[in-house]
Amino acid sequence: MRPERVTLLAFLAAGCGQENLVQEEPLLEVSVYTQGQSYAAYDDTSLSVDLGEVPVHASSTAYFLVHNVGDLEVDLTSLRYVVAGSDWRSPQILALRPADFDTALPVRIEPSHQVLIELSYWPKREAQEPATAVLTTSAGNYAFTVQAHSFFYGAPDLEVAFQGWRGPAAGDCRDLNSDGRTDGCYVSAALDLGSVATGQSATQELIIRNAATCAPLADVDACSLCSLTIARDATRQGMGWGFKAGTNVAGLFTVVGARPLPVDIPQESAGCPQPHEVRLLLSFAAADDVGDHDSVFVIESSDPDEPLIEIPVRAAARTPPVCIAQFRAPDPADPDAP
Numbered sequence: 001m002r003p004e005r006v007t008l009l010a011f012l013a014a015g016c017g018q019e020n021l022v023q024e025e026p027l028l029e030v031s032v033y034t035q036g037q038s039y040a041a042y043d044d045t046s047l048s049v050d051l052g053e054v055p056v057h058a059s060s061t062a063y064f065l066v067h068n069v070g071d072l073e074v075d076l077t078s079l080r081y082v083v084a085g086s087d088w089r090s091p092q093i094l095a096l097r098p099a100d101f102d103t104a105l106p107v108r109i110e111p112s113h114q115v116l117i118e119l120s121y122w123p124k125r126e127a128q129e130p131a132t133a134v135l136t137t138s139a140g141n142y143a144f145t146v147q148a149h150s151f152f153y154g155a156p157d158l159e160v161a162f163q164g165w166r167g168p169a170a171g172d173c174r175d176l177n178s179d180g181r182t183d184g185c186y187v188s189a190a191l192d193l194g195s196v197a198t199g200q201s202a203t204q205e206l207i208i209r210n211a212a213t214c215a216p217l218a219d220v221d222a223c224s225l226c227s228l229t230i231a232r233d234a235t236r237q238g239m240g241w242g243f244k245a246g247t248n249v250a251g252l253f254t255v256v257g258a259r260p261l262p263v264d265i266p267q268e269s270a271g272c273p274q275p276h277e278v279r280l281l282l283s284f285a286a287a288d289d290v291g292d293h294d295s296v297f298v299i300e301s302s303d304p305d306e307p308l309i310e311i312p313v314r315a316a317a318r319t320p321p322v323c324i325a326q327f328r329a330p331d332p333a334d335p336d337a338p
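The sequence shown: position 149 = 149 (this note's numbering), numbered continuously.
Please keep in mind that the hints were generated in silico from the structure rather than gathered at the bench. Glycine included, C-beta positions come from ideal geometry on N, C-alpha and C.
Simulated restraints on C-beta separations: (1) Gln128 with Asp192: 45 to 53 Å; (2) Ser78 with Gly251: 30 to 38 Å; (3) Gly246 with Val290: 21 to 29 Å; (4) Leu27 with Thr213: 45 to 53 Å; (5) Asp294 with Gly257: 18 to 26 Å; (6) Thr103 with Ala197: 44 to 52 Å; (7) Asp50 with Val249: 44 to 52 Å; (8) Ala211 with Asp294: 23 to 31 Å; (9) Glu53 with Leu27: 33 to 41 Å.
Construct the complete structure from the given sequences, taking the supplied hints into account.
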């Protein structure tokens, strides 16, 4: 073999080896998402947002844009708070186009695709509450910091209605923990599902409304201002809504098509697309045994005056009436008549 040919082959072999050692890495570009937002301040370098002042019983949200600018897929494996008070909602991953993919973690982002990180603050008291969330990905980890300061402006007003009754009435509410403030109501009227034939079921509608009428406030989403939140409260029954523990042991009472919690109900005057009320359908399935049945339906909410409402519920299982036909004498004119 000629020397120049050996040299050329050696050069090509060395070049191929070097190229094979070069490997692409996943690459993300992360920034504060500002489109349509009115942050008090923000900084892309530190991935931080200041939401400014947020009314109690309203909400404000910080968004961060995650863009796959590389040629490889990127896996988002976890998103969690490392610092956050109880008034911060669980961090969420949102698709910019709903049809892009399922945003339940883990999420795989294709090249050139984007997602939003949502950190939402729903204060229930006056406070200064920072939050820091960490996103773990195959392209590195990212920390998002949000500042917020809440102040009191107005409050939601919970109202329940069923079978023509509306309340709670003033006499239904009392001071449950002896702190000098009315904070719980036991409704005097009962939601009655009536007498139900054994083996059958019956339903009645229970309406939960937000009767608040807070005036608009600049730079605050009117649909979140003085909003009523139904959520589990660990300091009370810990159920949000449902039948009180120990009052529905046989499971004869149920909620038909209950929505997942938390549920946010805007005030009536806000003119929001979502209604200012939630309609629940309570059901009673009569057992085979005749008897009277009682339960208590619990509602826990962000209404500071009525954070806990208990509604008595009753129904009765009864044997259905049996109809007995009366025999007739044969008709001589029509022997075939029944």
